[in-house]
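So the protein lines, in turn, are chains A and B. Each residue of the first sequence is one higher than the one before, starting from 0 at the first, in numbering that gives the first Met the number 0. Each residue of the second sequence is one higher than the one before, starting from 0 at the first, in numbering that gives the first Met the number 0.
All the pointers check out, no bait thrown in.
Once the Cα atoms are required to be at most 35 angstroms apart in a straight line, the calculated DSBU-like pairs of lysine-lysine come out as:
(1) Lys-221(B) <-> Lys-462(A)
(2) Lys-373(A) <-> Lys-278(A)
(3) Lys-278(A) <-> Lys-96(A)
(4) Lys-462(A) <-> Lys-226(B)
(5) Lys-494(A) <-> Lys-281(A)
(6) Lys-6(A) <-> Lys-224(B)
(7) Lys-4(B) <-> Lys-425(A)
(8) Lys-422(A) <-> Lys-4(B)
(9) Lys-96(A) <-> Lys-4(B)
(10) Lys-382(A) <-> Lys-4(B)
If you're looking for bench data, these hints aren't it; they were derived computationally from the structure. The structure presented is a predicted model; accordingly, all values stated were derived computationally and were not measured.
Chain by chain, the residues run as shown.
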Amino acid sequence: MFFSALKDALDINVILLTALGSLSGVVIGALPGLSVTMATALLVSLTFSWSMEYALAMIIGVYCGGVFGGSISAVLLNIPGAPAAICTGFDGYPLAKQGKAAMALGLARIGSFIGGIIGVLFLALFAPPISTIALSFGPFEYLGLIALGLITIGNLSEGSFIKAILAGLFGLLLSTVGMDPVYGIPRFTFGSMQLLSGIGLIPSLIGFFGLSEVIVQMRTPSNKHQIIKQMGKVIPKLSTFMKMIPVILRSSVIGAWIGALPGVGGTIASFLAYDNAKKTVKNPTQPFGEGAYEGVVAPEVANNAMVGGAMIPLLTLGIPGDAVTAIMMGAFIVHGLQPGPMMMINSADLFWYIIILFILANILFLFIGLLVTKYFPRVLSVKPETLMPIVSVLCFVGAYAIRNSVMDIIIMVCAGLIGYLFKRIKFPIGPVVIGLVLGGMADGELRRVSMISEGDVFGMLLKRPIAIVIFLFALLQILDQIGRFKQRRKEIGSKLFGLIRACFIRNHNKTK
Amino acid sequence: MNTEKRLTVILALLLIIGCGTLFAEGQQEVDVENYPEREIEGVITWGAGGLTDNIARNFLPLMEEQLGGASIVPQNKTGASGAVGSQYVMGKPADGYTILITTTESCGVWNVMGTSDMDVNDFEPIIILTSLNPTCYVRADAPWNSVQELIADAQSRPGKIIAGYAAPGSLGHVSGLLFSEYSGSEFNMVPFGGGGKVMAALLGGHVDVAFNPLVSIMENYKADKIKLLATFTNEEIVDGVPALGAEVASFKPVMPYGIMVMILVHKDTPPAIVEKLTDAAVKASSDAEWKKFADKYYLQIVGDTGDDFRRTVDAWKPLTTWLLYDAGVATKSPEEFGIGRK
Chain A
0 MFFSALKDAL DINVILLTAL GSLSGVVIGA LPGLSVTMAT ALLVSLTFSW SMEYALAMII
60 GVYCGGVFGG SISAVLLNIP GAPAAICTGF DGYPLAKQGK AAMALGLARI GSFIGGIIGV
120 LFLALFAPPI STIALSFGPF EYLGLIALGL ITIGNLSEGS FIKAILAGLF GLLLSTVGMD
180 PVYGIPRFTF GSMQLLSGIG LIPSLIGFFG LSEVIVQMRT PSNKHQIIKQ MGKVIPKLST
240 FMKMIPVILR SSVIGAWIGA LPGVGGTIAS FLAYDNAKKT VKNPTQPFGE GAYEGVVAPE
300 VANNAMVGGA MIPLLTLGIP GDAVTAIMMG AFIVHGLQPG PMMMINSADL FWYIIILFIL
360 ANILFLFIGL LVTKYFPRVL SVKPETLMPI VSVLCFVGAY AIRNSVMDII IMVCAGLIGY
420 LFKRIKFPIG PVVIGLVLGG MADGELRRVS MISEGDVFGM LLKRPIAIVI FLFALLQILD
480 QIGRFKQRRK EIGSKLFGLI RACFIRNHNK TK
Chain B
0 MNTEKRLTVI LALLLIIGCG TLFAEGQQEV DVENYPEREI EGVITWGAGG LTDNIARNFL
60 PLMEEQLGGA SIVPQNKTGA SGAVGSQYVM GKPADGYTIL ITTTESCGVW NVMGTSDMDV
120 NDFEPIIILT SLNPTCYVRA DAPWNSVQEL IADAQSRPGK IIAGYAAPGS LGHVSGLLFS
180 EYSGSEFNMV PFGGGGKVMA ALLGGHVDVA FNPLVSIMEN YKADKIKLLA TFTNEEIVDG
240 VPALGAEVAS FKPVMPYGIM VMILVHKDTP PAIVEKLTDA AVKASSDAEW KKFADKYYLQ
300 IVGDTGDDFR RTVDAWKPLT TWLLYDAGVA TKSPEEFGIG RK
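Only chain B is shown next, with the shape it has when bound in the complex:
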């Protein structure tokens, strides 16, 4: 009986610890004047070493300098296309001590994908850092030497050319859908569960074509293991790689297309704090070091804040959400959320 009792006590304690961590977040008064007076938690919704993580970890130190001393501590909270980390920020006090670093490909499509009821408009915008344009690439020894050849081949044998992407709703997926929709061709689109695996499958000949930002495929491009057929822009951004909009006329109106990395905070954050954060972010965004980083990885610095931020994201939404809905990937119609067809 003694041991039974002991066990009960221990289990009860475990439960209390568990519940305690759930409700430990107390509300505190916000000192707007002296903000920031302690460290800020930077929640990154994608994994360590990934694209967003890299961008965030290069930008946050620059923003930190502008905030005057208070450090920004990056934390990766992954899961459910970034919804887990965003939910976490939403559950934190609206005091500006937790900031969210995420992408349009997650918080812009959750509601139509049925991942979460949250939306980018449920947060207060700080800044859009960069836009990453995907590229269309194939193996170096692939038979196609231009997008035109690829499109012609895909049209002549619909659904036979395999296009690989990481996960449903990811940039590679949306870009692939966009590519087939606006070129009138059909691909067999297969998810591989991660960017690295797509590259391995492409190099191994299990996938014919893939769509991803240059930053994640740079090394294989430099080593001539893959060839880039086009970037999702209207002007040439990489030497010797044509812009999709310039090559194929039907793409012109929807280019440039890309994923955007942005910083957001809790919706009820005091305006003075939002202003301080925005100010620091804008200054950091024009830092020479940030420009150097962006050039190195072919990132387009955006820097939109406030209303411009909202306008840019709202302009981005219709194309992506409708593509996903028309392809049967998104479960809810964008119309339900007031997003009209472009």
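With the rest of the complex left out, here is chain A:
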């Protein structure tokens, strides 16, 4: 089965289409304002009349390319192409300003490659068991994960902690706009039907990061513009790279696992991976937020490992894991292919074909990506007077195209003005978007938890060991902010570890 699938995949047309797909994915994803969701939606519709093998090659190429594309604009212009690329910009943009844009993109590319491959391996080797464990995640566990995500707000942003929290709360508030998830009652819509579906994430992302950056650049006198001529090297030194292996491994596990949970998506994966890297890496190449290589690699790895992970619920259960896999599912169905448990049984060679395509896309894309990476940073040498009008047009196009809705343009412009204001008063924007992403989910999960437990939330929680562990972990993250607590915890931790080791050694000796 594997080999027949391999034979199908090594067709020259398939390889060319995968390459073409990933290249177009990168280009669309890299245009600020246009997202990977849009890239897939646009290009997938082209493939409806093709044969399934060719269509799949194109779709998978676009998906892999598009996910990476979003980080290019994040690094070069500080305008993430997708919510998941926000963290890449935290350290990627400072690197670009230091004239190391090519290096940042190279790191992102290699990180994406490794993450992507590990994610696919997860899919290939453990799809059925992972999907079983993922199913055991109910509202309690999801709420715990969302709590973990919200806690990262304090750690993710530079500068004032209070400002970050306030910005996060602002995002949470924004997420309450629209139809309430349980009773369908309109909240804060002021009678507007367009607002019933809430504040769109993509349009507000484009506004907060894209349009606000345009305004900032336009207000900067032209003689103060920083024109970067120096691009730096693309491929990092082997020793720099070896140092990052632990971060890469941790981030890819986070990414693949979060991806496998239906409906959580890459955004949380990259937040958690960045947060994890920031906490665990003792000596980053530069401090986090100022251009740490680890800060670019961790979210990129997680983001791409998520791709493989997100395919698990789609292929094993017929449940799309995020917005992009939902579009892919539509494309599968158009080609007469119903993803779900039967697909693994009836068309196992197709399953392997998909896996091989993912690996192929990642390998092809490593080379294409590293080649184009040399040229992308040239964007930085374009004068803002030329570049920014183009960016603002793309912002409008991107906001409109996601749902063909004028309301989304209005949301984008408002978000742009608010984002500009935030930048003026030095409030971080990242937490607003995190609040917006997680707020809607938190709302639904929290109310499901209370509905399922019929008010006895604590009693129900005690019956759910995984949820308890997640919540305790979240609690620990908060308590760790108190310096003395962290110290005590480490002491107790090492003592406990010593104790366990002692027991183990004694038992070991006994059995001898």
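Chain A is already provided as a structure; the job is to place chain B on it using the hints.
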């Protein structure tokens, strides 16, 4: 100061672009004789890859053939249970170049749900394509093997069995309300925000029972991950799955129950164009390929047009709207809209 001025100019331009797109729709004379002479926009009010989208994308090409050349371009305009897309069609010229593909579960319940003042009667009907009957299903290892067992258990411990549904007012929600109302049992009904999430929660054991059309749960059914207890019909439509109306007598008068997918146009569309569209839709509806598609997914082809269309939807309304109102989900009484109790 220079930059300030530049900024002002740019912001003004942005505003003009924004407003321009809002008012760009000019009125045009309609050439009824030569209709259709350009492409038609098919507005689907639900997301890409979903149920309605699938049905629409399979039907529109067949209808296109009957219209003689003019292509129908599907466009998804989602939001507010389909009200956003419908509002868009209403704002377009009444020239037949924008058609609306939506479901009864949206435009039939907006007014009682308080989503929008619009109603299905504010549009000109073309055709009811299909009716999708939900099924009542549980996990394969669930203790209940028939609807009777499920009902008995739900009656003995009211509100303890968890029924999952996608969103307030959705088919799964209304079917669940209908099921408990006519069987005299009580479930703990919990919304999960999407059909896929309901399935994940059911397979993971967080939800005990759910109600959805067969087409969206087929794969898990074939893989024996779930068992179907009954379909919301009076006759068996799926081999080996009993009809709810035949199993439990109290359901008989309200079966078959289902969601309907339909095509509508702007209310002021010239009658000659409505006729051309209806004609094409009816012919496409009897196409062998469409029948094949419907059989594959257990869809019931309806094909009602004109007055029959109105009668079918009017007959559908009382049960659903009153169920939603009695359960406290709908905010406005159906009586306000002249819908009497059935």
